[in-house]
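Visitor: All chains, please: the whole structure from these sequences, using the hints.
Residues per chain are reported as follows:
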Amino acid sequence: MHHLTIEAGRTERQYWRDVWRYRELFCFLAWRDLLVRYKQTVVGVAWSLIRPFLTMLVLTLVFGKFGKMPSGGVPYPILVFCGMLPWQFFSTALAESGSSLVTNSNLISKVYFPRLVVPASSVITSFVDFLISGLFLVAVMVWYQFTPPANITWLPFFVLLSFIASFGIGLWIAALMVKYRDFRFIVPFVVQFGLYLSPVGFLSSVVPDEWRLLYSLNPMVGVIDGFRWCILGGEHQLYLPGLACSILSIIALLATGILYFRKTERTFADII
Amino acid sequence: MNDSAITVQNLSKRYTIGRQTANGDGLRHAFDAMLRNPFAWLRERNRARRATREDFWALKDVSFEIKRGDAVAIIGRNGAGKSTLLKILSRITEPTEGRIDLHGRVASLLEVGTGFHQELTGRENIYLNGAILGMTHAEIRRKFDEIVAFSEIEKFLDTPVKRYSSGMYVRLAFAVAAHLEPEILIVDEVLAVGDANFQRKCLGKMEEVAHGGRTVLFVSHNMPAVQALCSQAIYLQAGSIRGAGDAEPIIGQYLAETGSAQGQFAAPLAIGTDLTLTALELSPNPVENGQPLEFAITFRAERATVLNELSVLIYSLQNTRVASLDLRSCGMPLEATAGQAILVRGEINSMLLVEGEYRVGLFVSGKSVLENFLDLTGFTVRARRNPTGYAPYPAIYRGVVELPFTADLQCRATLRSSATAQVAALVGDR
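Quick mapping for you: the protein sequence lines, in order, are chains A and B. Counting with the working numbering, you get residues 1 to 272 for the letters of the first sequence. Counting with the working numbering, you get residues 1001 to 1430 for the letters of the second sequence.
Straight-line distance between alpha carbons at most 30 angstroms, and here's what the computed DSS-like set of lysine-lysine pairs gives:
#, chain 1, residue 1, chain 2, residue 2
1, B, K1205, A, K110
2, B, K1162, A, K110
3, A, K39, A, K110
4, A, K179, B, K1367
The hints are simulated quantities; they were obtained by calculation from the structure and are not laboratory data.
Guide: This is how it looks when you write it as structure tokens:
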């Protein structure tokens, strides 16, 4: 017979088993968000193509045409799109999972399940958008008749990295937003500035060498550089110390994110 | 293992509630101080905040045991800790102290339709809601037809629930919940919704569960439902157990102590964070049918607040709302500053209710509160002396109100023949 003990601060052992047990709920929540996402819109799922397309146009114009930034021998739109793809995934996942607990507050205060399931399923939802925009990248590459190098086999690794980075920060923001709704205003800023602080519209090699390692503390620097290395190859070499630095900061984000989330989770229902 | 389903030992739950301090300096001053020395300002603010924090024990040292297969009611006034207890049992929040052992799979139903999504269709919501309540995909698929049949919404299965009437919505939501098959079922006042017919159906389903050997924990203000469903009861008062045991005597104790007889409001009660109800009096009590009944309500404003709406709710013992005195027309909204008392005096001009016991609650809507507070007090109506000399029917045959009426009885030729005569006359005129 199923047996359960509830005691102050003793739920940890149970927790990870429950995360597994509630995997179906996790799928259902992701499925729900996907179903609902483009309801009552005219162009529907095309939004996940239009958004990156327009951003790509603007960034190509600003950095490529007006700013005359180096492109490393590839068409500038492809260069931008390789940065856009992980960045857009990161920023939507961040925003969605950050606000996921608050938008699901009716669930949090009325039923039990490991709360980790909620931000995790929002990341999945953004991931589907990411895959759709990925198809668009393929289309752009066909248009420019661009053949990717063998490095492309490493792409899943960098996708995984961007996944972990979004989830780590998403956990932090989700947990913080339960208590401090200020983050509702902070997140759009982070996303807006982050677009220019990360090497989305330009190459990270334009950053002076002495600053490059510090610059790589931004987790998205390693991810975007990795994407470019996989898809563009050629002159786009990986700056390994920087990559290591980004990976470390991503792992640190995830670990502290989980710890902080777990620590505050027990009071979510009381303060949400 | 023994045959207990739930064992609760020394359970306590503390909430920390922050009180706002009156800011005498004004916003500009505070802003000034913040700009001049932000760190000192932060330190000062944190200290002030800590000093005004207050502990509130929603549950204090609660212990009980529930045997497998028992149906147990948890009763008590608003704020007695019932909801907190259910939330801890269903693991939504953690206890501060104490220990609970649950033997069996738990499903809790604290609200009908939790997690329903407006944009999704009925079919989609059945799957989603089922998953949220802890059913597996296979389980939901197996019971899908049964759920649809129970909810009576076959035709609208593929319509988004935002287009449902509220009745359909509730029916669908309850149907999903009713098909949970846990060993321990925790239910909070969810039957207070839906039309009478559906309520009966829900109660029937609950009864089935309760008598099917599963353990049921049921929180309700609906005493007849409690009596029908539960063999045991736990009576909570101010976070502690006031009484526990066989349902009948405990319910009797509860009804007696919530002041049905004396019409005196016992303890001060927090109404939201801004108000405290200090008195609720009805006089005379008992009141004779046809006579006026005076009421007096007193609140204390803990801080500056606004009282937008206030209604006196009158319920029969069967939990039917028989009347509500909406006081909006009597000078609402009302603003009060900290420390002020809000006094409400009024009179029901003529007590029209049939003799019996009635319970009284309040609906309060203010800056920090929008809630019904039930079972605050009660009053007794006595039959009026009957000048006509015939014996009235027993109260249960006479409904709830004694409507004043006049009637005139006569004997005449039958209606039909006189009508025919009139028509004949009209035709004749033409």
